[in-house]
Amino acid sequence: MSAALLLPLVALPSAHATADVQGKAQFAVTATATNVAARSDRRPVAGGVHDKQAGKTFISWAGQYEDSYVQTYDHRRSTWSAPNRIADGDADSHNYPTMVQAADGHLLVFRGMHNVELRMSRSPQAHSADGVWEETLISKNAATYPMPFVTRDGTIYVFFRETSGDLDPAVPTDTRPMLYVVSKDNGKTWKTSTELTGDRFAIGSTSRADNMNEIYIGQLRLEDDGRVRIVYTLAGGGPEGHKHDRYHRNIYYAWFDPRTLHFHSASGRDLGTQINDVDQERHLKVAETPLTLPNNVKSPDYIQLVGTTLGRPFLLWFSGDEAGGPLHDHLSTWNGRAWETREVARGLRVRDMEEIDPFTWRVYATEDGKPNVNTYLVRFGRTWDAETVIPTAKPVQRVEVVGGFRDPARAIFSGASSQRDVAVADGDITVAGLSRR
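So the number in my numbering is just where the residue sits in the sequence shown, counting from 1, plus 67.
Everything labelled a hint here was simulated from the structure, so no lab data went into it.
Note that CB positions come from ideal geometry on N, CA and C, so glycine has one too.
You may find that some hints are simply not true.
What the hints assert, rightly or not - Computed Cβ-Cβ distance ranges for the label pairs, DEER-style:
#1 A170 / T327: 18 to 28 Å
#2 K310 / T218: 35 to 45 Å
#3 L234 / R487: 25 to 35 Å
Sequences and hints are given; from them, build the entire structure.
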């Protein structure tokens, strides 16, 4: 059951509140590389990892021409390495890096070469980002937007979106489902979701009347219990026919079990190995949004966030304003029977979030055209409170919380470049973490 968009049930906090006023957390920020970041379409998934064995944190980011760079923080020496360019981005903002660490200690960086193929770069040494990385072609499934994660047994999964029309010209351009690949040998060999399940795709549709057959996962999150939480929206041509990414529509939630390869709804319904349109409309719809372009903005946005409190999921997402006003920030919470959605803030782009304790999550958000990253606290998946402001010299475009982070390298802030063309790269790479008291 989906809930309509409701009027706010909590007060809207100011997006301009200062750290001096709230004083809830003290962050230390370090610019690890200045005037190097290009525009990127990166999602808040797998930006970096902390390696406990090595005592190091490894981060990835997109530089000029969307080339992939990595850097290392040595926690024992309190030093950052110089950027190491490890792969070519082919001058496309979609071809950003995502990073995980294999069970054998090697770092793996994945890139979806826009609508062409999925590539992987592997570090030459375990527990190190130094040297010349080896590149492997994993899939030619017209892949974009890779979302990797590694399960406790070391199995590597990479979800990605396929542009089906680039494989078969007879398929409409707005048919773009989600698939995944799996490796059980630290990235040496791979199998596709189709090989494993027999399903043409993992999440998607091919014949909606509104032509919204594109899947845009905003975020997926591997939890300690092994479940992978997923939030997504639809895109497509709408009433204007087959047009790529003309409109966005609705918010959906599912969780994936890597052990069985089955998807499930918030209520626990087992949907099997494939989510189709009937499944998502009957069992996965969180909020229904109008098929419009409010103020010429894709709405809901490409980025949505997912978390859980005491086993119950909640989502954060934002939409445009028909009258040209500020963005609307929504919190959707599963109450055990249905989804409840309410507006909790305005003017913010929620970027990523982290679990602080079993009841509380910290949300990182930005305001368009302004420096700094604002943080907010979501408690019990229901309340929203301003926390603090993390200062940055220039505006920030992307935030990724580091996997298994250790302060001071908790979150990566990729600075906004002054141009959409990735030949221009003048944003800063900043890393933030809680300061020692």
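A quick look at each hint next to the structure:
1. The given range of 18 to 28 Å is respected by A170 and T327, whose C-beta atoms sit roughly 21 Å from each other.
2. Evaluation of the 35 to 45 Å hint for K310 and T218 yields a pass: the beta carbon distance comes to about 38 Å.
3. Range check, L234 to R487: Cβ separation about 27 Å, and the 25 to 35 Å hint holds.
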